[in-house]
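The sequence shown begins at 4 in our numbering and counts up by one.
In short, the hints are calculated from the structure, not lab data.
Keep in mind that this is a model prediction, so the values were computed, not measured.
Relax, there's no trap hidden among the hints.
The following label-pair restraints were derived from C-beta to C-beta distances:
hint, residue 1, residue 2, range
1, Gln60, Ser205, 32 to 40 Å
2, Ala200, Lys121, 38 to 46 Å
3, Lys41, Gly179, 40 to 48 Å
4, Gln204, Lys121, 37 to 45 Å
5, Gln60, Asn173, 16 to 24 Å
Below, computed lysine-lysine pairings styled on DSS-like, alpha-carbon distance capped at 25 Å:
hint, residue 1, residue 2
6, Lys68, Lys114
7, Lys93, Lys54
8, Lys122, Lys68
9, Lys213, Lys105
10, Lys68, Lys151
11, Lys114, Lys193
12, Lys68, Lys41
13, Lys208, Lys105
14, Lys121, Lys41
15, Lys208, Lys54
16, Lys41, Lys122
17, Lys213, Lys54
18, Lys193, Lys213
19, Lys151, Lys121
20, Lys114, Lys41
21, Lys151, Lys93
22, Lys208, Lys193
23, Lys121, Lys68
24, Lys151, Lys122
25, Lys121, Lys93
26, Lys93, Lys122
27, Lys93, Lys208
28, Lys105, Lys193
29, Lys68, Lys105
No residue lacks a Cβ here, since even glycine has one placed at the ideal position from N, Cα and C.
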Amino acid sequence: MKSCAAALFVASGFLIWTGCSSKTKSEAPGASARSEAKVADEYRVRFDTTKGPFVIQIVRDWAPKGADRFHRLVSDGFYEGARFYRVRPKFVVQWGISSDPKATDLWKQLKLTDDPVKKSNERGYISYATDGPNTRTTEVFINLADNKRLDSRGFSPFGQVVEGMEVVDNLYSGYGEVAALRGPGADSVKYEQQGEAYLAQSYPKLDQIKSARIVE
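The whole structure should be built from the sequences, with the hints applied where relevant.
The following block contains the structure:
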């Protein structure tokens, strides 16, 4: 697969995930056998991390395509072992690059069409990062502050942290902004290409997802 450098771009406080790929598909691996659409109207996901647990309640009515994709990613174990590689206090915490480069490469080809923005990007709400219209894949962020200005940019929340927001607030942020934004933090391209080995060696203090599972 031919690809180019991926980056996170923030201008005037806006969050955009950028990258490119020579392939674009609209459904997830194995979707013919297990449709992303067969998901409860509401469900919760518990994340156990190196900093402690937090729980997100997902509401399909807010952004059904995003909610269904998230259910599939969690069910497939995609997020387990992933690091919160970008943490900007009072703005966002972002994750969604797999510890396994092969999984990242596969899912980055599977673009998800947009959901209309029904909820605002207020503190505690979760949305997908994008690099423009209809480009959502696996990257998500939780708002650490009220970022309503993101609404007009098409970032559609599909859930909200209902337990453990203090854990989210305390995820390690000491490395600063990511390399793509000329900061000293992690390089998302190297993370995609090398997986956990890259962060474990270069940014070992970044907090990590030990498990992510759907709970009743």
